[in-house]
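Please construct the entire structure, taking both the sequences and the accompanying hints into account.
Number of protein chains: 2
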Amino acid sequence: MDKLTTSNKALEFILNNSQNYGTEEVPFSHSLGRVLKENIVADRDFPPFNRVSMDGIAIQFSEFENGKRTFKVEGIQPAGSKPHSMQNHENCIEVMTGAVLPKNTDVVIPYEQVSIVDGIATIEIKELRFFQNIHEQGKDKKEGDLIIPQNKVISSAEIGVLATVGKWTVKVAKQPKVMIVSTGDELVEVNETPADYQIRRSNVHTLVSILKKYYIDADSAHIADDKNALKEKIENFLNDYDVLLFSGAVSKGKFDFIPEILEELRVEKLFHKVAQRPGKPFWFGHKIIGSSRNNRNDKIVFAFPGNPISTFVSCLKYFVPWYQKSMKLDFENRTFALLGEDVIFKPSLTYFLQVKLEKRNGDLVAVPIRGNGSGDLAILVEADAFIELPNDRVEFKKDEVFPIIEYR
Amino acid sequence: MDKLTTSNKALEFILNNSQNYGTEEVPFSHSLGRVLKENIVADRDFPPFNRVSMDGIAIQFSEFENGKRTFKVEGIQPAGSKPHSMQNHENCIEVMTGAVLPKNTDVVIPYEQVSIVDGIATIEIKELRFFQNIHEQGKDKKEGDLIIPQNKVISSAEIGVLATVGKWTVKVAKQPKVMIVSTGDELVEVNETPADYQIRRSNVHTLVSILKKYYIDADSAHIADDKNALKEKIENFLNDYDVLLFSGAVSKGKFDFIPEILEELRVEKLFHKVAQRPGKPFWFGHKIIGSSRNNRNDKIVFAFPGNPISTFVSCLKYFVPWYQKSMKLDFENRTFALLGEDVIFKPSLTYFLQVKLEKRNGDLVAVPIRGNGSGDLAILVEADAFIELPNDRVEFKKDEVFPIIEYR
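Residue numbers (full-length UniProt numbering), protein chains in the order written: chain U, 1 to 408; chain V, 1 to 408.
Honestly, the hints are just simulated from the structure, not real lab data.
From a predicted model like this one, the values you see are computed outputs, not experimental measurements.
Do not take every clue at face value.
[Said to hold, decoys possible] Subject to a maximum C-alpha distance of 30 Å in a straight line, what follows is the list of computed DSSO-like cross-link-like pairs (lysine-lysine):
id	chain 1	residue 1	chain 2	residue 2
1	V	K231	V	K299
2	U	K356	V	K139
3	V	K174	V	K152
4	U	K142	V	K280
5	V	K68	U	K212
6	V	K68	U	K152
7	U	K356	V	K213
8	V	K213	V	K280
9	U	K328	V	K213
10	U	K213	V	K9
11	V	K3	U	K356
12	U	K325	V	K359
13	V	K9	V	K231
14	V	K213	U	K252
15	U	K212	U	K171
16	U	K213	U	K356
17	U	K68	U	K126
18	V	K37	V	K139
19	V	K397	U	K359
20	V	K346	V	K3
21	V	K68	V	K126
22	V	K273	U	K139
23	V	K82	U	K231
24	V	K177	U	K213
25	V	K9	V	K287
26	V	K280	U	K356
27	V	K227	V	K3
28	V	K37	V	K356
29	V	K273	U	K126
30	V	K328	U	K213
31	U	K174	V	K231
32	U	K273	V	K233
33	V	K398	V	K356
34	V	K227	U	K212
35	U	K397	V	K359
36	U	K174	U	K139
37	V	K325	V	K213
Okay, here's the thing in structure tokens:
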């Protein structure tokens, strides 16, 4: 019996091999989904001036307090114009949302509460609050304040802030260069007609699309089950890429050359075979490049088993957190769900069970979808996630809470 | 006082104006995130043959049942080769994962449970199950079975299935052509330095990035607050695009020309002003093109208020479900969360309150983040979602469940 690495231990090995690929400048309009690598500070006060927040008139509050209700319109202050200065403190100025508050005014009354006839505005309400409907300069942020700390994934919200503070280009984490390799003589391309004993390549395309969600443009290749050809190509890939993902040829078969080739190419095995279902034959290793701990740029190799569900769940469970840690993201923020029904699973393996997620009044419930073993790709379409049942138990009860791995 | 449309009623108007933009064929490798518009059926059985699922040897089960434990190795069956036919029923064939089960064999014993010396395999376990370690032809799906129904968003899981069944190109919903327009003379471009009374354009960039998450490549433009220029450009946009999104110039200001221009261009107003905070001045309309109900291709106009949070939440709350319904997606699958603390909100408005989401043992908790009013873009960075508090109540209690709108 092989000695198996536990899933937790495997993840620990992997996270200990997170890397740093440095940074690059990209146009902010192309930074969605990338990881911010600079602190974004306010380039000026937010708002940068006392900003009118309703269309209406601006007056001096003290006039209103002294009982005055009618005001001669002295001018108009549109948004985007230099601020007027009100000449007569008994007058008013019409002001537009987004405009600078005119000098010598300190309160805005919306049009809905004013009538204007022949250039005279009459206020129709009884109470005003000093400085109302004015978004005060610097109220949200002061110039120099930190608005977005680095190491955050840039979402639409951050795009708006980057635009506001004038970050035309922005410093983000460089993505690793990833090559995804399938092996296996049984595989033909998607646009080919397989013989009776062949199937089409699918894992590579699945992996490419998973990485696309993290804005990684991976390359992919297929290599036949020929040891010399495999070795030559893998050697080149190790030179040209940061990370290799394999699918297949990692188990005990006569043509499962990947582990031995990797070791011949001085990729150090960190583990082979994980106590999990599916995906047991998973192999992971690194090739250390560079001398000192601080100046390393290792090559990382994830060699996943070839069956579709194994590859799929292993990429989500291991590659994604490795990527997130390499980007210095907070990858610990796992999602949990209530198990939807009792499950019994006897082997001493971490069980990644396919589930459909249902939202029930604020609860997230994971309902198991039974497949026909780990090769059933079609079941992935019916499910939304895997629930992760630990290896130290046999019975798992309905409504118990476990971590899930979502993929939609 | 203006008559306000409730948020629910506004959404109803909007959903009643969902459109159908037809379909197009795209390469399956570029279909991630698109909406599938054909049923995907199995082009052959899944698996297409009796598939070996462990590396090991294949024998006849009846021989084992009759007490035989040693078997001469007659040959090797690699994956991707034509199936062998075992000549002597007392022999075995070495079989590789993914290979076709050789003829005249019906059970696979993994290498871990076999020793092979001088071409003789000895089985080292006491029990076997008929057909074990064989993934039976057609077990998952039969040729012609439906695997993916249409109207589903294509995720990584579907990419794998599309590859497997040989869908090199796939029929998906065509995306609407969307133009996003900002107005307002106070706005300058992101790479410009604003004067004291100006700010940079941000809403357009935010909206573009929200739509990007739905794989819509929107165009964008800025038009100055000049009525003639606005009208001419909007007329062109109505000809060239399916959907216009505006940000700003929809309220009561002297330069808020959008509603009157749209009506002059025969875009019918369906509502103006919604009982919500933020985003009250929201204007929505359509221009009916084509004669019959079934042959319509209306132009749709969402004119959002110009302040950043209003635009942001209105796009998520109204445009996104409109898009999803137009794609025939199940847009009803809303997410709910527990309110993290008591909230009092007196106006009779639907309140979109910014919240930070926290996962607590299977529960999703929405903790309010207090901003300084609807203009505070920076607060969006601290929050993850809006919680939607209905307009018919004033007090909202901790742990009550309400719908949320996530944006990360």
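Hint check results:
A hinted pair counts as satisfied when its Cα atoms are at most 30 Å apart, and K231(V) with K299(V) qualifies at roughly 16 Å. Proposed proximity of K356(U) and K139(V) is supported: the alpha carbons are some 21 Å apart, at most 30 Å. Between K174(V) and K152(V) the CA atoms are separated by roughly 14 Å; this keeps the pair inside 30 Å, and the hint holds. For the hint linking K142(U) to K280(V), the alpha-carbon distance of about 28 Å falls within 30 Å, and the restraint holds.
Taken as a hint, the K68(V) and K212(U) pair is broken in the structure, with Cα atoms around 53 Å apart against an allowance of 30 Å. Of the pairs offered as hints, the one joining K68(V) and K152(U) is violated, with about 63 Å between alpha carbons and a cut-off of 30 Å exceeded. Simply put, K356(U) and K213(V) have alpha-carbon atoms about 23 Å apart, close enough for the 30 Å limit, and the pair holds. Our distance criterion of 30 Å between C-alpha atoms is met by K213(V) and K280(V), whose separation comes to about 25 Å.
Note on K328(U) and K213(V): the hinted pairing holds, with a Cα-Cα distance of about 23 Å set against a maximum of 30 Å. Distance restraint check for K213(U) and K9(V): the Cα-Cα separation of roughly 35 Å exceeds the 30 Å cut-off, and the hinted pair is therefore not satisfied. Among the hinted pairs, K3(V) with K356(U) is inconsistent with the structure: their alpha-carbon atoms are about 44 Å apart, more than 30 Å. Using a Cα cut-off of 30 Å, the hinted pair K325(U) and K359(V) holds, with the two alpha carbons roughly 20 Å apart.
Distance hint between K9(V) and K231(V) is fulfilled; the C-alpha atoms sit about 29 Å from each other, no more than 30 Å. Distance restraint check for K213(V) and K252(U): the Cα-Cα separation of roughly 42 Å exceeds the 30 Å cut-off, and the hinted pair is therefore not satisfied. A C-alpha spacing of about 20 Å is found between K212(U) and K171(U), which places the hinted pair at or below 30 Å, so the restraint holds. For the hint pairing K213(U) with K356(U), the CA-to-CA distance comes to about 20 Å; that is within 30 Å, so the pair holds.
A threshold of 30 Å between alpha carbons decides the hint, and for K68(U) with K126(U) the separation of about 11 Å falls inside it, so the pair holds. A hinted pair counts as satisfied when its Cα atoms are at most 30 Å apart, and K37(V) with K139(V) qualifies at roughly 27 Å. Proposed proximity of K397(V) and K359(U) is supported: the alpha carbons are some 21 Å apart, at most 30 Å. A C-alpha spacing of about 18 Å is found between K346(V) and K3(V), which places the hinted pair at or below 30 Å, so the restraint holds.
Using a Cα cut-off of 30 Å, the hinted pair K68(V) and K126(V) holds, with the two alpha carbons roughly 11 Å apart. For the proposed pair K273(V) and K139(U), the alpha carbon gap of about 27 Å is at most 30 Å, so the pair holds. As the CA atoms of K82(V) and K231(U) are separated by approximately 26 Å, the hinted pair is consistent with the 30 Å bound. With a C-alpha separation of about 23 Å, the suggested pairing of K177(V) with K213(U) holds against the 30 Å cut-off.
For the suggested pair K9(V) and K287(V), the alpha carbons sit about 19 Å apart, so the restraint of at most 30 Å is met. For the hint pairing K280(V) with K356(U), the CA-to-CA distance comes to about 38 Å; that exceeds 30 Å, so the pair is violated. Straight-line distance between C-alpha atoms of K227(V) and K3(V) comes to about 26 Å, which keeps the hinted pair within the 30 Å bound. Straight-line distance between C-alpha atoms of K37(V) and K356(V) comes to about 36 Å, which puts the hinted pair past the 30 Å bound.
Pair hint K273(V) plus K126(U) holds up; C-alpha atoms about 25 Å apart against a cutoff of 30 Å. Using a Cα cut-off of 30 Å, the hinted pair K328(V) and K213(U) holds, with the two alpha carbons roughly 23 Å apart. With a CA separation close to 44 Å, the supplied pair K174(U) and K231(V) exceeds the 30 Å bound. At roughly 63 Å between alpha-carbon atoms, K273(U) and K233(V) are farther apart than 30 Å, so this suggested pair is violated.
Using a Cα cut-off of 30 Å, the hinted pair K398(V) and K356(V) holds, with the two alpha carbons roughly 14 Å apart. As the CA atoms of K227(V) and K212(U) are separated by approximately 43 Å, the hinted pair breaks the 30 Å bound. For the suggested pair K397(U) and K359(V), the alpha carbons sit about 21 Å apart, so the restraint of at most 30 Å is met. As the CA atoms of K174(U) and K139(U) are separated by approximately 35 Å, the hinted pair breaks the 30 Å bound.
Between the alpha carbons of K325(V) and K213(V) the distance comes to roughly 16 Å, so the proposed pair stays at or under 30 Å and holds.
The structure fails hints 5, 6, 10, 11, 14, 26, 28, 31, 32, 34 and 36 (numbered hints given earlier, in ascending order).
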